[in-house]
Amino acid sequence: MASRITIEVTRYNPARDPEPRMTSYEVPLHREWVVLDALNCIKDHLDGSLTFRWSCRMGVCGSCGMMINGVPKLACATFLSDYAPGPVRVEPMRHFPILRDLVVDTSDFLMKLARSKPWIIRTVEKPADEEHIQTPAQLEEYRQFSMCINCLLCYAACPIYGLDPQFTGPAAIALAQRYNMDSRDEGASERLDSLSNREGIWGCMFVGECTQVCPKHVDPAGAIQQYKLTAATEWLKAMVLPRGAK
Amino acid sequence: MSTYWWLARWSYLTFILREASSVFVGWTVLLTLVQIWALTHGPSANAAFHEWMRYPLMLGVNVIAFLFVLFHAVTWFGLTPKAMVIRVKGQRVPDWAISGPNYAAWVLVSLGVAWVVLRG
Amino acid sequence: MSKRSNEPFLWLLFSAGGSVSALLMPVHLFLFAIAFPLGWLDPPSDETLLALIRPPLVRVYLFVFCFLSLFHGAHRFRFTLYDGLQIKHLNEIINVLCYGGAVLGTVTAAYLLWRIP
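Protein chains in written order, with this note's numbering: chain A, 1 to 246; chain B, 1 to 120; chain C, 1 to 117.
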């Protein structure tokens, strides 16, 4: 194995550069190094101005999502040796405005996340000293969707989001489904009101790339299709049953 | 995004091919309608229909249509378990346990239709 | 109009049609558009076929086959035009062409099947 590898990184300073450009750096290629180690090596030894987000370096915080050779990945979970002999192309996540170098502006997602109401909604709150009992089977219903770390790799992978920035997108809808499936929650109807439209679940065309790139195996594509089935069933019920009956 | 975004990745391309099958689904219905029309309009209409179906261009289009419809069927049954979650005793039934019977039903229905048509 | 759209209805047709066309179209197309014209299989005579499609149950079968498949195709094609070709600004025209085409095809199917002597 070659002992060094070339990393091509997007550099962009909006105050100075008219456009993002690629800059190459050469870093040591250690067997145990991930792309994030290479970026830190560049920042520590080659160019201290390189800007990128990271925190936990163990696939939990969801900060270090970037395009690695064109595929959305967590920099902390992507081994350099898998790309030997290189070069490795590291770019900011697609479909988001670049703030600087590898850092993108995710405020659009945060705005959309609120549409999903990702919290437990109760019509009547239980008294504070009463528990919400949940069985392991009930937990299993939504556990997979609760693993989301908001890394937004699914947004970078989703062509529909790229084509139509109005689209609510994979993670936000999967999180809505996470609360819909929670036995303690009573907000499914409210969420349906804000997501059963062209910008919500019906905008998804089931490309399935979100599920492919998800580092936590959330399966947002599955969540959205299941949500569609629920929404369609609710629609049928509303058609067949008289008003008021549920 | 570029108009040719779907060429950027293999998975995007298979997606757009899957969606393009819709054109050939429509085409197959059209063929069926023309055939029903021919059947109810006597021998000369039938002869014209058979001649039309034997044109090389027509056969070429139909072979392509067949491949697309086949692709639609394979992807459709393969994706059904993603949308339909069935739980038995709290455990999610594995994907193959849903798509497997789908594929089996497809083979049986196809054989059934072929039998009804071919038995003469 | 309520906040909830008519998309669920269109999606139900799309799904039903997707299943129907996936189940039935490959064999239909293989027999009538490939195997018979190429002479791989002996086709039934036109009289036999006409007799075959005459019973009401077979007419209903053919109607459902055409109707659901058309709406499946229209729905999918509509989204392919939106996103594949990025002509979403032609929204209204695409809707009219796709679903209008499906309605037209369905009416034609109903008429043809009704008129079988």
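To be clear, the hints were calculated from the coordinates, so they are not data collected in a lab. A hint or two may mislead.
As the list claims (entries may be wrong) - Once the Cα atoms are required to be at most 25 Å apart in a straight line, the calculated PhoX-like pairs of lysine-lysine come out as:
1. LYS82(B) <-> LYS216(A)
2. LYS117(A) <-> LYS237(A)
3. LYS82(B) <-> LYS43(A)
4. LYS117(A) <-> LYS216(A)
5. LYS89(B) <-> LYS117(A)
Margin query: For LYS117(A) and LYS237(A), compute the direct alpha-carbon distance and say whether it is at most 25 Å.
Written below: holds, 23 Å
Margin query: LYS89(B) and LYS117(A) were given as a pair; does the straight-line alpha-carbon distance stay at or below 25 Å?
Written below: Given that 25 Å is the threshold and the Cα spacing comes to 30 Å, the pair is violated.
Note to self: Hinted pair, alpha-carbon criterion (25 Å max): LYS117(A), LYS216(A). Please report holds or violated.
What the structure shows: Within the cut-off at roughly 21 Å; holds.
Notebook entry, point to check: Holds or violated: are the alpha carbons of LYS82(B) and LYS43(A) at most 25 Å from each other?
Noted result: It is violated: about 42 Å lies between the C-alpha atoms, which goes past 25 Å.
Checklist line | Restraint status (C-alpha distance of LYS82(B) to LYS216(A) at most 25 Å) | finding: Given pair LYS82(B), LYS216(A) holds - Cα atoms ~17 Å apart, limit 25 Å.
The earlier numbered hints that this structure contradicts are 3, 5.
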